[in-house]
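Given the coordinates of chain B, work out where chain Z should sit on it, guided by the hints.
Number of protein chains: 2
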Amino acid sequence: MRPSAARRTRRDVTIAMTRTGEGEYAGETDPAYWNLIGPFGGWIAAVLMLAVLDDPRRHGEPLSLSTNFAGAIEAGPYAIRTRNARRNRSTDFWRAELVQHQHGRDVLCAEASLVLAHRRPTDSFVDVSPPEAPAPETLPAVPANAGAPSFLEKYDMRFATGNPFAGGDPDRTVAWVRDRAPRTLDFPALAALCDTGFPPIFLRLGKRVPVSTVTLNAFFHVNSSELAEIGNDFLLSEGRMRVAHNGFFDCTTTMWSRSGRLLATTEQVVYYKTTS
Amino acid sequence: MRPSAARRTRRDVTIAMTRTGEGEYAGETDPAYWNLIGPFGGWIAAVLMLAVLDDPRRHGEPLSLSTNFAGAIEAGPYAIRTRNARRNRSTDFWRAELVQHQHGRDVLCAEASLVLAHRRPTDSFVDVSPPEAPAPETLPAVPANAGAPSFLEKYDMRFATGNPFAGGDPDRTVAWVRDRAPRTLDFPALAALCDTGFPPIFLRLGKRVPVSTVTLNAFFHVNSSELAEIGNDFLLSEGRMRVAHNGFFDCTTTMWSRSGRLLATTEQVVYYKTTS
Numbered sequence: 001m002r003p004s005a006a007r008r009t010r011r012d013v014t015i016a017m018t019r020t021g022e023g024e025y026a027g028e029t030d031p032a033y034w035n036l037i038g039p040f041g042g043w044i045a046a047v048l049m050l051a052v053l054d055d056p057r058r059h060g061e062p063l064s065l066s067t068n069f070a071g072a073i074e075a076g077p078y079a080i081r082t083r084n085a086r087r088n089r090s091t092d093f094w095r096a097e098l099v100q101h102q103h104g105r106d107v108l109c110a111e112a113s114l115v116l117a118h119r120r121p122t123d124s125f126v127d128v129s130p131p132e133a134p135a136p137e138t139l140p141a142v143p144a145n146a147g148a149p150s151f152l153e154k155y156d157m158r159f160a161t162g163n164p165f166a167g168g169d170p171d172r173t174v175a176w177v178r179d180r181a182p183r184t185l186d187f188p189a190l191a192a193l194c195d196t197g198f199p200p201i202f203l204r205l206g207k208r209v210p211v212s213t214v215t216l217n218a219f220f221h222v223n224s225s226e227l228a229e230i231g232n233d234f235l236l237s238e239g240r241m242r243v244a245h246n247g248f249f250d251c252t253t254t255m256w257s258r259s260g261r262l263l264a265t266t267e268q269v270v271y272y273k274t275t276s
Numbered sequence: 001m002r003p004s005a006a007r008r009t010r011r012d013v014t015i016a017m018t019r020t021g022e023g024e025y026a027g028e029t030d031p032a033y034w035n036l037i038g039p040f041g042g043w044i045a046a047v048l049m050l051a052v053l054d055d056p057r058r059h060g061e062p063l064s065l066s067t068n069f070a071g072a073i074e075a076g077p078y079a080i081r082t083r084n085a086r087r088n089r090s091t092d093f094w095r096a097e098l099v100q101h102q103h104g105r106d107v108l109c110a111e112a113s114l115v116l117a118h119r120r121p122t123d124s125f126v127d128v129s130p131p132e133a134p135a136p137e138t139l140p141a142v143p144a145n146a147g148a149p150s151f152l153e154k155y156d157m158r159f160a161t162g163n164p165f166a167g168g169d170p171d172r173t174v175a176w177v178r179d180r181a182p183r184t185l186d187f188p189a190l191a192a193l194c195d196t197g198f199p200p201i202f203l204r205l206g207k208r209v210p211v212s213t214v215t216l217n218a219f220f221h222v223n224s225s226e227l228a229e230i231g232n233d234f235l236l237s238e239g240r241m242r243v244a245h246n247g248f249f250d251c252t253t254t255m256w257s258r259s260g261r262l263l264a265t266t267e268q269v270v271y272y273k274t275t276s
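First to last, the protein sequences are chains B and Z. Just so we're aligned, residue 1 is where the first sequence starts under this note's numbering, counting upward by one. Just so we're aligned, residue 1 is where the second sequence starts under this note's numbering, counting upward by one.
Next up, chain B with everything else stripped away, as it sits in the complex:
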């Protein structure tokens, strides 16, 4: 999976992949970003985005990312293929596929549609407000515990409300979160951070049930220099469920900077199973 034809290596603080051809990448899953039965979904979204952003032909910055988690990803090598679907003057439409060789054949495990855009100055408005939350320094870090997925160790997370470990408001979770690694915030890191919220159905049911994200859609409302200014500071996330019905629930999340800037909004649809 790492042929000598590889021309250069794209290395994120946390993701390493090798460019094996035009629109072709190879990498290996990272045990540090493991969830219960596969890679953490935010890592998958970040990997797909990173492959597109690496392409010298792309232009613009991420505006929207729609990631489908099509099937299980096993520990080991993976390949990514990217393709430009359409290029305009201000917008650029890309697709990325993550493929693994499983049981003797190549199977699509995840796919993403990434829309890039050039932003130009206009009148701007924010018509929503960040949630109330004490400063992160005043809140306890979520402790590592034996049963937790390993990816949580990559994040410094501090719950303001809706702490799944402490009961509280079952209506929403408000938490500060940042990468534990001292990395400057960029779009792949933000895409991954968008998926760090706890499944709100755990709060609603008061217990854990099997869940698996089907699709994660993230919409970005800043540019890369605005992200870089945040550095490694905490982001404030507010996540809530609107509906859970016959096997699938939604989760809508807003991600804010400490200064109250709306960075991203996301919508997930997640499979769940209850036995009642």
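Check the hints yourself; a few may be wrong.
One copy or two, either will do: identical chains are not told apart, so a pair holds if it fits within one copy or between any two.
[Said to hold, decoys possible] Below 25 Å or equal to it, Euclidean Cα-Cα: the simulated SDA-like pairs (lysine to any residue) are:
#	residue 1	residue 2
1	K154	A228
2	K154	R183
3	K273	R87
4	K207	T122
5	K273	N223
6	K273	T122
7	K273	L262
8	K273	V128
Just so you know, these hints were derived from the structure itself, not from any lab. These numbers were taken from a predicted model, which means no experiment stands behind them.
Just chain Z now, with coordinates in the frame of chain B:
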């Protein structure tokens, strides 16, 4: 574009297209669903969804639809290609592309990712409430006017708040809407209805500015028999903008049945231009 090889015709109440091969369809744009400079976005989303739903190999019902409006669609013939990306026991992942022959070459004009799923009975919850609104019968229908896009004539729309023609609450638009044609509600019709809201930035700015949707993501929270029970009754939509920044705003919409059932939630990202 309608070769004799066509095996059968898929005919919606409002969309006609010819199946020209496996995963291949041909149709023509419909002047009745025209917006200012191209087809109404909801019609485009519905056309892409309909092509996937027509395929006998698909299984399950729509769970999520992510539609990218990649470029201008001209009046005239179009082709659609669909492809299954991955099939699981409970979920089925499809892509659809709308292509037109423009200026001597085939160009991608719109693309969609459609996730289908089999829903199974589970504990269900709705943690949001429909907006307050007077019964639609007590509200005036939006009058047809000379400058309005033709697609609006296909819908019976009645504003409760945020009527762009009457001022009012600039924070959100609450409106009843249904197809004027007496059709039974189905997923393509619902996908189109999800896009009937007025661009909230018109309310925020107090004037019309050039806008163009880049991506429309819809998430469905019911099955087809639950939709069919609604028949041709009005749906209640609540749309609002959270952020507008440097050329792109978002619009999040919830679609309810008259009985208070949450049918769909959507998130759009829309290009806009201001001159300040």
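Hint-by-hint comparison with the structure:
no. : hint        : verdict
1   : K154 x A228 : within (19 Å within a copy, 47 Å between copies)
2   : K154 x R183 : within (12 Å within a copy, 52 Å between copies)
3   : K273 x R87  : between (41 Å within a copy, 20 Å between copies)
4   : K207 x T122 : between (46 Å within a copy, 15 Å between copies)
5   : K273 x N223 : between (38 Å within a copy, 17 Å between copies)
6   : K273 x T122 : between (45 Å within a copy, 7 Å between copies)
7   : K273 x L262 : between (33 Å within a copy, 20 Å between copies)
8   : K273 x V128 : between (33 Å within a copy, 21 Å between copies)
Every hint, counting from the list given before, is met by this structure.
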